[in-house]
Amino acid sequence: KQEVTQIPAALSVPEGENLVLNCSFTDSAIYNLQWFRQDPGKGLTSLLLIQSSQREQTSGRLNASLDKSSGRSTLYIAASQPGDSATYLCAVSNTGKLIFGQGTTLQVKP
Amino acid sequence: GAGVSQTPSNKVTEKGKYVELRCDPISGHTALYWYRQSLGQGPEFLIYFQGTGAADDSGLPNDRFFAVRPEGSVSTLKIQRTERGDSAVYLCASKRGEGAYNEQFFGPGTRLTVL
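Taken in order, these protein sequences are the chains called A and B.
If you read the first sequence in the numbering used here, its first letter stands for residue 1, the second for the next number, and so on.
If you read the second sequence in the numbering used here, its first letter stands for residue 1, the second for the next number, and so on.
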């Protein structure tokens, strides 16, 4: 059974810092991995999708990497801003449905 | 439509009542998913439709939960004899095509509170 773990559960950083969020999964037979952002009381916004054959994806200040063989992904956020404060979720797909981690709640302090 | 929409945004009901939650997927998306998110947790898969048929309902917790998608577009999640443990945010997502490689787009969710 696929299990997804995100570390840390919560993170607080001063504005301007670069930071890394971690995601690990137990079954490397995945089709893709998605990173989402969730603001309090809101739905999920897709940030990046990495196909199983890819190593990384970039969008603006965000860079996601995937090491399928070791069951790990990282989300790198450069030059963090207070507006980046949210919960970040990673999810893997191997049969179409997504299996989510519990998320990392990020607070960026001005 | 521009995105996935869900109605109602909030639903408060009493234990034992019946509720229906609606999802309108992005136009042209053939795959539709329902997830449930409890406070402080990641979403958990409930059921997946490809077209009109339920391709995977392995996540439905028990037979009080049922979902339909009669015309291959709008879907309704139905919960009978609601219990307090059913309180959660119910999320719907849609995806273009059958390919597992495609991105899922989520709606804003319906917050269900069972008193």
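Just so you know, the hints here were simulated from the structure itself, not pulled from any lab data.
Heads up, some of the hints might be wrong.
Below, a list of computed lysine to aspartate or glutamate pairs in the DMTMM-like style, where the Cα atoms sit at most 25 Å apart [what the hints assert, rightly or not]: (1) A/K109 / A/E15; (2) A/K1 / B/E20; (3) A/K42 / B/E44; (4) A/K1 / A/D84; (5) A/K109 / B/D63; (6) A/K68 / B/D86; (7) A/K68 / A/E56; (8) A/K42 / B/D63; (9) B/K15 / B/E71; (10) A/K109 / A/D27; (11) B/K11 / B/D63; (12) A/K1 / B/E71; (13) A/K68 / A/E15; (14) B/K78 / B/D57; (15) A/K68 / B/E83; (16) B/K11 / A/E15; (17) B/K78 / B/D56; (18) B/K15 / B/D86; (19) A/K42 / A/E15; (20) B/K11 / B/E103; (21) A/K1 / B/D63; (22) B/K78 / B/D63; (23) B/K78 / B/E14; (24) A/K68 / B/E44; (25) A/K68 / B/D24; (26) B/K17 / B/E103; (27) A/K109 / A/E3; (28) A/K1 / B/D24; (29) A/K1 / B/D56; (30) B/K17 / B/D57; (31) A/K1 / A/D39; (32) A/K1 / B/E14; (33) A/K42 / B/E20; (34) B/K15 / B/E44; (35) A/K109 / B/D86; (36) A/K68 / A/E3.
Inset, instruction - Could you check the structure against the hints above and give me the numbers of any it violates, in ascending order? - result: 2, 4, 5, 6, 8, 9, 10, 12, 13, 15, 16, 20, 25, 26, 27, 28, 31, 32, 35
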